[in-house]
Amino acid sequence: MRSPMTFRDHHNEGRIFSTRLLWSAAIVLVLMGVLAGRMFWLQAIQHDRYITLSDKNRVQTQAIAPPRGLIFDRRGELLADNQPDFSLALIVEQVPNIHDTLALVAEKIALEEADIERFWRRVRSPRRPWEPVPLRARLTEEEIARVAVVQHEMPGVRIDANPIRHYPHDELFAHVLGYVNRINAEDLERMTLDEQANYSGTHFYGRLGVERHYERLLHGRVGFRKVETNARGRILQVLEQIPPLPGEDVHLHLDIRVQQAAWDALGERRGAVIAMDPRDGGILAFVSRPGFDPNLFVTGISHRDYSVYRDDLDRPLFNRALQGQYPPGSTLKPITGLAGLDAGVTDWQRTMWDPGYYRLEGQSRVFRDWRRQGHGWVDMHKSIVESCDTYFYDMGFKMGIDRMHDFKVRFALGDRTGIDLPGEARGIMPSRAWKRAVRGEPWFHGDTINASIGQGYMLTSPLQLAVSTAIFARRGGPVVPRVAQLTPPASPIEPALSPESRHWDRMTAAMVDVVHGARGTARAMGQGAKYRIAAKTGTAQVFSLGKDEEYDAEEIAERLRDHALIVGFAPADNPAIAVAVLVENGGSGGSSAGPVARQVMDAWLLNDAGELEIPPAAIPGAIPALMAEHR
Amino acid sequence: MNTEFLRQMPSSRSFATNGSGLLWRLHLDSPLLAALLVLCGGGLLVLYSAGDSNADLVVRQAIRLGGGFMALLILAQVPPRTYRFWAPAVYAGGLALLVLVLFIGTEAKGAQRWLTVPGVGSFQPAEIMKLAVPAMVAWYFSERSLPARFRDVVLVLVITLVPVLLIARQPDLGTSLLVAAAGLLVLFVAGLSWRLILAALGLLAVAAPLMYFFVLHPYQRRRVDTFFNPEADPLGAGWNIIQSKTAIGSGGISGKGWLNGTQSRLDFLPESSTDFILAVLAEEGGLIGVLMLLGLYLAVIGRGLFISWHAQETFSRLLASSLALTFFIYVFVNIGMVSGLLPVVGVPLPLISYGGTSIVTLLAGFGVLMSIHTHRKLMSH
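For the record, the sequence lines run as chains A and B.
Quick note on our numbering: the first sequence kicks off at 1 and runs consecutively.
Quick note on our numbering: the second sequence kicks off at 1 and runs consecutively.
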């Protein structure tokens with residue numbers, strides 16, 4: 001009860017209080033209205049926006065990378081497959097302190113600066129929260145064990161297994177298969193939007209060789225999965241799934257036996273070997289030495305490993321077979337000879353005296369034969385067998401560069417062969433127009449004379465030599481080289497000479513004598529052969545000698561010695577293999593390149609018992625069998 | 001208006017006599033009790049969903065609510081004059097405990113808020129002040145005549161702000177805000193002149209930026225930053241509010257259904273069973289659920305204001321109105337922050353958020369309200 005001692009205006013106090021209470025009630029009502037209005041705004045007016053956000057939170061569309069197609073040789077030997085790779089990744093959102101965790105991880109496994117750099121770049125680039133960010137790939141079993149022991153002390157650190165490309169034969173097929181490595185922004189930029197979508201789950205992209213050329217085929221079609229996840233990215237249920245379409249397996253014409261034979265025959269020498277089946281254009285062996293280990297490139301080659309390759313004087317990353325540009329030298333004499341016969345400037349009966357040099361009338365310049373003392377009386381046959389230069393100087397000069405050029409381009413020289421590999425070199429088949437355009441000079445007689453023995457401006461790749469040999473073996477029939485067993489496109493090349501022409505037989509006979517004749521330049525390779533081989537040797541000058549200088553292979557530094565070359569096909573009467581061999585600084589074609597070609601031919605033509613057993617073409621009838629019709 | 005007349009309206013009695021004789025004798029106010037029970041029961045349902053169907057969580061919360069209702073029942077028996085008598089002593093004791101907690105308090109999550117009494121358990125002295133401060137201010141005015149004079153205002157500010165600053169130092173921004181509100185609301189209903197109120201608001205507008213730079217802890221400053229621009233750090237500081245608004249907005253008018261809220265059940269919504277539990281209700285119950293909740297809160301607050309309207313003494317009136325309005329502050333600050341109207345301050349949704357001593361304190365406060373209402377004496381003219 002109120003004290004009677006206080007003199008308070010109860011009425012006034014009550015009035016003040018009541019007023020304030022009513023004010024309070026009014027303010028409460030207004031603010032409650034504000035809350036209700038806010039809720040109405042969020043839930044009724046902005047509902048669509050937030051339901052979208054909520055679904056985006058909850059439902060993730062994940063791309064499922066298709067498994068990459070495998071690559072086999074013609075025997076079914078696996079040349080490229082997919083194997084699990086263990087990599088360490090961080091879920092950044094779960095890591096309390098990234099720097100500390102990186103330091104902890106570095107105590108357990110080797111981390112290169114490049115790994116850490118790449119990791120930070122990925123952390124800072126736009127990404128989905130809770131998605132693991134890879135730190136290091138290719139953990140060894142020991143490293144996995146070391147990390148596993150302390151993993152509970154490092155929240156957010158996980159080890160994932162992902163399939164990566166693996167090349168079981170390491171170096172052996174490196175230059176023809178190429179390799180895959182991490183797909184990058186530039187790769188994606190070059191793609192159409194549709195292609196980009198197809199690569200949304202893919203981490204790897206073909207770089208060179210078969211992996212690059214058949215990228216689309218090997219890659220397959222991406223799959224998708226709609227999943228409901230919680231905030232930590234854990235999948236709670238799969239709502240919808242479209243499985244990926246696996247990449248197609250690719251079967252190659254390559255034969256591991258032939259490839260291995262070529263590889264072993266070259267040994268530690270620098271060089272290239274191309275063997276192909278002229279019946280369907282299939283590449284049987286594709287070797288460039290030294291090679292490299294493609295497995296190192298798949299998850300990103302370390303700087304140390306890369307600089308070893310880059311700084312190697314032998315240039316192991318250089319694809320000699322595909323991109324090497326060498327003067328073809330005497331290996332082209334059979335084709336040049338056919339050109340001369342076709343042009344009518346010589347015939348099989350014509351003979352001439354070779355004094356060891358050739359001189360144009362009224363000029364002092366001397367073109368020397370490789371044999372200083374000369375070959376004596378020579379005709380076309382002997383000029384092929386002994387590789388007489390003087391006869392060809394004379395014939396070439398009489399034929400002229402225009403006719404020579406027009407004839408030779410029918411043998412896939414001076415342009416891309418159209419092989420199913422990227423980065424093929426064009427080579428040079430010089431002409432008047434070419435010299436004017438590139439050198440800005442007119443054509444001289446001397447240029448023609450050099451061209452007639454495959455020197456001067458002329459350049460070819462070992463692949464081109466093999467293809468021109470295969471075309472020769474098919475009597476001018478079109479040959480498009482193929483690595484994969486897929487129907488080749490039609491060749492635009494018109495036969496240079498009618499397949500019925502007797503010149504083919506005579507020239508082939510001369511080439512057989514190169515190997516099996518007593519004075520043949522490649523007689524070393526013919527010994528004990530169970531079949532007849534047609535071949536032509538060549539040497540490519542690395543640098544020119546002055547006219548009176550002696551050539552002494554011993555005295556010249558090894559790397560300045562001539563490149564040794566040989567081209568050939570076998571069996572001579574029914575060709576099932578055409579080969580081109582280049583041995584860099586190998587000196588004489590017959591003695592250093594010839595045996596390599598022979599071993600490659602044996603690997604293809606002989607069975608396990610050492611008997612002649614010609615394997616059938618991989619794609620019979622892929623190219624109209626010209627040979628059979630006209631033999 | 002004739003308040004004396006209103007106070008003697010038989011209707012105010014009729015609530016008590018209207019079939020609730022037992023409750024009246026137990027000094028319980030049936031409308032208020034009914035509203036509180038519905039609120040707490042519904043809250044348990046929301047909590048069950050928010051806690052991922054964890055029955056343990058609900059049982060623990062139910063036990064805590066039971067304790068709260070026990071406190072309500074006990075405090076309702078104590079007549080208001082006893083509260084008035086003890087107000088200064090409880091206030092002084094609470095103040096002492098607050099000083100104590102600064103020195104020997106238990107630290108958790110970077111704040112020192114708890115006092116551990118060996119063998120008994122731990123509690124937050126700040127909770128006591130939620131009741132002690134308004135009681136103390138009401139006691140102060142009960143000895144003086146209204147309206148409040150300038151000298152009274154200064155003294156009341158001291159009474160209020162000393163514990164508020166002590167609590168803010170722990171730091172516990174949410175509780176200090178509620179304690180400040182409890183004290184200042186008494187001042188408001190005691191008739192603080194509008195001119196002073198406007199001046200204070202003006203001063204606050206000037207002081208706010210200064211406070212931001214010189215008083216707030218870095219973590220508090222970050223909350224304010226986030227409030228103004230949650231998208232600046234959507235995966236970090238802005239995450240809570242973005243996910244909360246997404247939960248609320250995606251609920252729409254009728255909601256996704258009980259136990260079907262993806263935001264909370266898939267863990268996108270942090271603190272879903274504590275400070276952000278409203279977002280769970282809004283997601284699963286939609287606008288309809290939210291409006292029902294607001295209606296219940298309005299009923300509780302309205303009944304509280306009704307009780308203070310009918311209170312017979314200055315102390316009771318001031319205390320009752322402060323308790324009712326502080327409850328509203330809880331509601332407004334929590335819903336305001338969860339829906340992105342206010343910066344994130346640690347204020348739970350009253351009677352629904354999981355945990356905290358705050359539930360017991362709140363229900364104890366309603367016990368005091370009921371005591372005020374049921375200990376009235378019928379006065380003659």
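Where hints are given, some of them may not hold.
Unchecked claim - Cβ pair distances, simulated, as ranges:
hint, chain 1, residue 1, chain 2, residue 2, range
1, A, Thr61, B, Ser254, 25 to 35 Å
2, A, Asn97, B, Glu107, 52 to 62 Å
3, A, Arg310, B, Glu107, 52 to 62 Å
4, A, Ile242, B, Arg169, 17 to 27 Å
5, A, Pro243, B, Tyr219, 27 to 37 Å
Please keep in mind that the hints were generated in silico from the structure rather than gathered at the bench.
Quick reminder that beta carbons are idealized off the backbone N, C-alpha and C, glycines included.
Hints, verified against the model:
Separation of Thr61 (chain A) from Ser254 (chain B) is about 28 Å and conforms to the stated range, judged on CB atoms against 25 to 35 Å. Asn97 (chain A) and Glu107 (chain B) have their C-beta atoms about 21 Å apart, which leaves the hinted 52 to 62 Å range violated. Checked against the hint of 52 to 62 Å, the C-beta distance between Arg310 (chain A) and Glu107 (chain B) comes to roughly 59 Å, which is consistent with it. Evaluation of the 17 to 27 Å hint for Ile242 (chain A) and Arg169 (chain B) yields a failure: the beta carbon distance comes to about 59 Å.
Look at Pro243 (chain A) against Tyr219 (chain B): about 48 Å separates their beta carbons, and that is not inside 27 to 37 Å.
Hints 2, 4 and 5 from the list above are not met by this structure, while the remaining hints are.
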